[in-house]
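For the protein sequence lines, the chains are L and U, in the order given. When we follow our numbering, the leftmost residue of the first sequence carries the number 1, and every step to the right adds one. When we follow our numbering, the leftmost residue of the second sequence carries the number 1001, and every step to the right adds one.
Just so you know, these hints were derived from the structure itself, not from any lab. Where is the CB? At the ideal position from N, CA and C, for every residue including glycine. You may find that some hints are simply not true.
[Stated by the list, open to error] Partial list, computed: chain U residues near chain L (C-beta under 7 Å):
(1) A1024
(2) H1180
(3) E1454
(4) H1482
(5) D1517
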Amino acid sequence: MNDLRERIAAIVERDRKRLDGERGADGLAAQTETLSTRRGPPGLAAGSPARGGPRSAPLTVPSRPFEVHERRIALDELGLEIVGRGACDPLLIAHLGLKGEPPRLWTDVLFLDTETTGLSGGTGTYIFLIGVAHVAEEELVLRQHLLLDLAAERDFVTELKRAIEPFRACASYNGKAFDIPIIRTRFVMAIRSELTVDESHLDLLHPARRLWRDRFGSTTLRQLEESVLDDGRTADIPGWLIPDAYFHYLRKRDPAVIAPVLAHNARDVLSLVRITDRVARAVDAARSGQAPDHAPAAFLLARGFDRTGERDAAFACYESAYFDGDNPLRVRLALAFSRHLEQRGESDRALRMLETLLDLGLGTTRWREQAAARVRRLTRKKWRSALRTAS
Amino acid sequence: MRTAVRFPARVSLEQILDRLGRDAEFKQLVTRWERLPPRRASYAELPAWLDGRIGATLRRRGILSLYSHQAEALEAAHAGKHTVVVTPTASGKTLCYDLPVIDAIAKDPSARALYIFPTKALAQDQLAELERLAADVDIELKTYTYDGDTPPAVRAAIRSAGHVVITNPDMLHTGILPHHTKWVKLFENLRYVVLDELHTYRGVFGSNVANVLRRLRRVCAFYGSHPVFICTSATIANPEELARRHVEDDVVVIDRNGAPRGEKVLVFVNPPVVNRSLGVRKSALFTGRDIAATLLASGVQTITFTRSRVATELLLTYLRARFPQPQWPPDLVRGYRSGYLPSERRAIERGLRDGSVRGVVSTNALELGIDIGALQAAVLIGYPGTVASTWQQMGRAGRREDLSVAFLVATSLPVDQYIVQHPDYVLQRSPEAGLVNPDNLHLLVQHLKCGAFEIPFERKERFGTEDTPGVLSYLDEQGILHEADGRYHWSAQSFPAEGMSLRTATSDNVVVVDQTDGRQRVIGEVDRFGAPLILHEQAIYLHESRQLQVERLDWENAKAYVREVKVDYYTQAGESVRIRVLDEFARQSSEHFGRAHGEVLVSAIATIYKKLTMYTHENIGWGKIHIPEQELQTTSFWLSLPERATAGWPKERVEIALAGLGNLLHGLAPLLLMCAPHDLGLAVEVRSPHTELPTIYLFDMTPGGVGFSERLFRSTDALLERAREHLDSCGCGTGCPSCVGPAHALGHDVREAVADLLSPR
């Protein structure tokens, strides 16, 4: 038996070296160390649990296999102007990364964010914490479901199903690619059931990218909190440490380890709600003629309005983007913008714009051909109307 | 528009063979001219339970009855028994599994089947065939291949709607099993699992695949399905054992072939000796080219198999030079190997079927069941390494009625020389066994981790025969698994199947980086244990007939940087190998030799290297090698000489005899093991600390072993018998690389000394 253990040990050790080599885990370990000494929960680094050492028995066996933390926050306190106020405007919702049917009421939408034991997906990645929030009576109700014991996953997921089922739609940040597939997997693994809530889904990652990526470089929630909400995080556990923190918690039952994760998750959900509101506000403002003052964002918003057929809003955004943008951006939007100008009877302006860009020698060959063709057509049209006037 | 191929002299195959048989020069090279008589078909009725639409379709296609083995396979599968069908190429194996599957789906549209093929190309081919059949039967049957090439957009549709999913073991391992919740429909309704070309699942690959199948069965059990396995295999000595290792249940073997065969001529050719002492013969490539050219010139549709991609290209060039344009059509001969575009390969396959391509030069890529119709002649350049492959390649020529011919042209390698001198080895019942060792702890632990990722392990659950609970609790202590309420959950961030290849035992490889012309390009991999001998600094590394010199070996990061050179020498490294026997599993003494097998620790340290001139092997320099000692824990077979065998011999003679016998056995052992020579390591000790006698070790190069040593232990007599036969018939005088090793390097009496050991007077 001892011999077997030694051999397994050798095999496991070799395998770990390989994986560590791939992930550069030495760096990771070092960072874990600093983090724990500076601001992390005590004992986290020591227990970065993949690092060997005999397992100590759980300090306390939790009395319940999972727990729910609830918080209620007034919408005003969160500074929400559109989210949660009245009914959903279907045209507005279309700009919030909607897939599927638009929900009719804000109270139909469940905001969610999950914390998992890994980022790779697959059947061995568990959800141990899910934060969900919905609007009820001028308040945002945030509930965090925390799984304290992997053996109780079935009950946890059953409870989760109950929590999710009443809602018609969910909203997330990158949920289409990450949270939803994992929730779906857990439903099958734990209770062999299908997920019902994702028929309509708002994934805010995409509109957030359109509005802010060019301006701030990245559109992680953390970045947006700092740049858009002006409310950056000070002490926060980095995402990549969360799975290890949870594994550590499973072994040591030290609530101090899990507290920062709960805080992180709550923060993520609240930020998701607030960012949703900011995106909605930007869309609303553009609709009333106030395009974003950042040209690339205005341009991408304009294209969104083109898709939903909101011409005035699209025009306002194109115009703003054209004035504030640099030449490459102008080239990108000129053809679409000129179509709007033409429809509004401003063909001369369209003609002048295209001729200017062509004279400057901008654009790819293909674009120049298209622009030149448009110029020819607009010129013919101009002559014809001049002739008509003359005769 | 293409003009019909016109041949100057269209002669029948019978006439060509007649002429070759009379050719005095050619006759000297022939070691065996075997004529296999035609065999009649044995038929059986279509089973009564077969869905009426299928029967009607088969009859429409002119199939009024089945071959007997097909009917047997259908009955067994229908009765829910795991089945392995062992019949030659072109005996209609595909129907053995397609019919039960289509029948099941015709009767219950929710039924599903999973086809596992060893290669992607084979999967594509089978997909087309199954779709044709299903379309004719007029049932709704959706088949899809799911592999690395499947576009993400259609993957979701395949998961829910595919009746038959065709994949390979690697994709099952990394793509399907770890995401089984996306395949609920498939796993809930899985009725059949088809494992085609079972004999390819042997050695390390096979041992890994057997573990992937364990994981597959766990997932099926989770969803409540218990699929029937239908396997097919080429002829090997132990199809039932191999299938049992993979299926881990009783298996029905069906090996009475009911398909007809036309008359067939097999010719074994040994190219003439050029240099007797070095054992060098005329290149098999040239001899093979001449045979193929003769056949092609007479209009015989011919397939030529080579052992490497380089040889394929060389032979193609040679043959094309023989058939210049415009006298000959431009694509008379085509090449076929991996690395060609799929569309190009499909075109060649079509050309072979419709006869517009008259000749093809291929690697073993065309050996497995890709449909190219039946050709008239096959030329094998070099023994393909196993009897099973030999029959499969030879079987590429052979129609149901007409005469066909296959030539095997031997190279100077020991195994080739043995085969060509002893054709009965191929012609009689196959002695080679497909070996796997799914319980190799190294592999088992990896798959156990993958299994835990897929579905948590129950505390009492067994995975393989090793002590599963022990492994589980160890992994729990290490924090890789987490035990909660009697179940072990995966508790690490990583994805265990990722970066774990089924084709190699360890990911511990040294990569060879070519930095000729300033770019860095990875051109090869060498396993870490063998690397010090081949990739030490200053070594000349041969790759696709280019000479590359190792400029720098970065041992820590497992990279060897090489650059192309043109020199007239090669390098040879010496190493000192120590073997420590950790555990002796079994021992047996006989009159001449003591034999045993067990677990060993091999420590090897590369010491010095020599620079030797090409052709004359003169020593023109040497250097030291500074690489730390390597260790390999594995299983080994060992053979020791009793004292009386060498009584009165001077010590040098014992050393020489031992080295020579080691070389001979190492060269011939692959005959019994279906492995390549480099899968086995060789070490000799004049006085082994364990046996206290002169001892030869043949050890498994895979850490933990895949079963070679036990097989060698059980078949020692057969191995020694082959060694005796081979030594008697080798054409060299004193010893050559084809038998005991070169006399100039070992000692002038090496052959005689080995002969004395093998057949004591």
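Hints and how they fare:
1. A1024: The hint is violated - A1024 (chain U) has no Cβ within 7 Å of chain L, the shortest such distance being about 61 Å.
2. H1180: holds, 6 Å
3. E1454: Result: holds, 5 Å to nearest chain L Cβ.
4. H1482: holds, 6 Å
5. D1517: At about 29 Å, which exceeds the 7 Å cut-off, the nearest Cβ of chain L leaves the hint on D1517 (chain U) violated.
Of the numbered hints stated above, those contradicted by the structure are hints 1 and 5, listed in ascending order.
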